[in-house]
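Participant: Make the full structure from the sequences, and use the hints.
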Amino acid sequence: FFDRDTFYGIPMKLYSGRGEVRTVSVSGSRVTDPATGDLAGYVLTVHDTREFHRELNGHSRSLAQEKDRNHRLDNARIAAEERSEYLTESVLKRYVAPSIINEILQGEVSFDKPAELENVTIFFCDLAGFTRASEELGTIAVSNIINEFFTVMSDVIFEHGGTIDKFIGDSIMAFFGAPKAMDPAEQAQRAIDCAKAMQEAMEGLKLIWMTDGAEDLELRVGIHQGDAVVGNFGSYRRVDYTCIGTNVNLASRIESVCEPGQVFVSEIVASLVSDDQCEVAGNYQLKGIDSAQALYRVRR
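Quick note: to get my numbering, add 956 to the position in the sequence shown (first position is 1).
Please keep in mind that the hints were generated in silico from the structure rather than gathered at the bench.
Derived EDC-like pairs (lysine to aspartate or glutamate); straight-line CA-CA distance at most 16 Å: (1) LYS1152 / GLU1115; (2) LYS1136 / GLU1074; (3) LYS1162 / GLU1174; (4) LYS1152 / GLU1235; (5) LYS1122 / ASP1111; (6) LYS1162 / GLU1104; (7) LYS1136 / GLU1072; (8) LYS1162 / ASP1126; (9) LYS1152 / GLU1215; (10) LYS1152 / ASP1232; (11) LYS1162 / ASP1172; (12) LYS1152 / ASP1111; (13) LYS1136 / GLU1115; (14) LYS1152 / GLU1174; (15) LYS1122 / ASP1196.
Pair by pair, the computed Cβ-Cβ distance ranges are: (16) SER1127 / ILE1164: 16 to 26 Å; (17) GLY1169 / VAL1108: 15 to 25 Å; (18) ARG1033 / GLU1235: 54 to 64 Å; (19) ASN1188 / ILE1102: 21 to 31 Å; (20) GLY1169 / PHE1123: 19 to 29 Å.
Glycine included, each C-beta is placed from N, C-alpha and C at the ideal position.
Facilitator: Shown next, in the form of structure tokens:
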């Protein structure tokens, strides 16, 4: 280095007589005689670099800690988003068909808009003979039956694009046309196809339930279409996505007079599907309804 005029930051180690080691940085420059220009010597500066290395290490640790903190924040954010998506999907899966969930999450279909009047097809079903069977069977058998019933029928409803409103005892309330809008004819056809598929599924369930001693259980279904107020109802602690109105009550009354093992629909529903799908069941005086209602039986 002595062939240079100056040099900077040359690392060196100095050893003391006691064997201690000091890491230093050496800088230097030539000194010349002003009169002759000849080399007069060198000026060397020695810097103890221990403090510098401590600061450097501290800075490196700070950078590593900041990087680790950012990494943990990113992981926490991702985990929170995953939990939010999981909770959202797990809640939605209780109500709507899986095919609609992505549309809701992407904002294509609204599930949380204010309640408003919608044209929907309301669907009620229950197990005829369940009250008698529950009195004769043990708690475990009854629980198995009702859970199997809800599981199988929920899948059928979702397969046909229905929305589950609620479970009531051994009954299921569902509707078609919300949150994803459908034209009236499509709603009616989906509801009827769903009911027929549920009756087919019942044949397999009845064979299983016979082994538990439950015989003579039959599915009955009532379907009606009309305007209802659809949306989220409840309090800040609990909210249900549901539909309410006189047409909901009418659908429930139709189900209550349906023959076990059959599907009854209102006149409006029968008028929206082809003539060969339904036959006249008769005129029925429904509880809470002033005039007799013409009901139709879905052909199996």
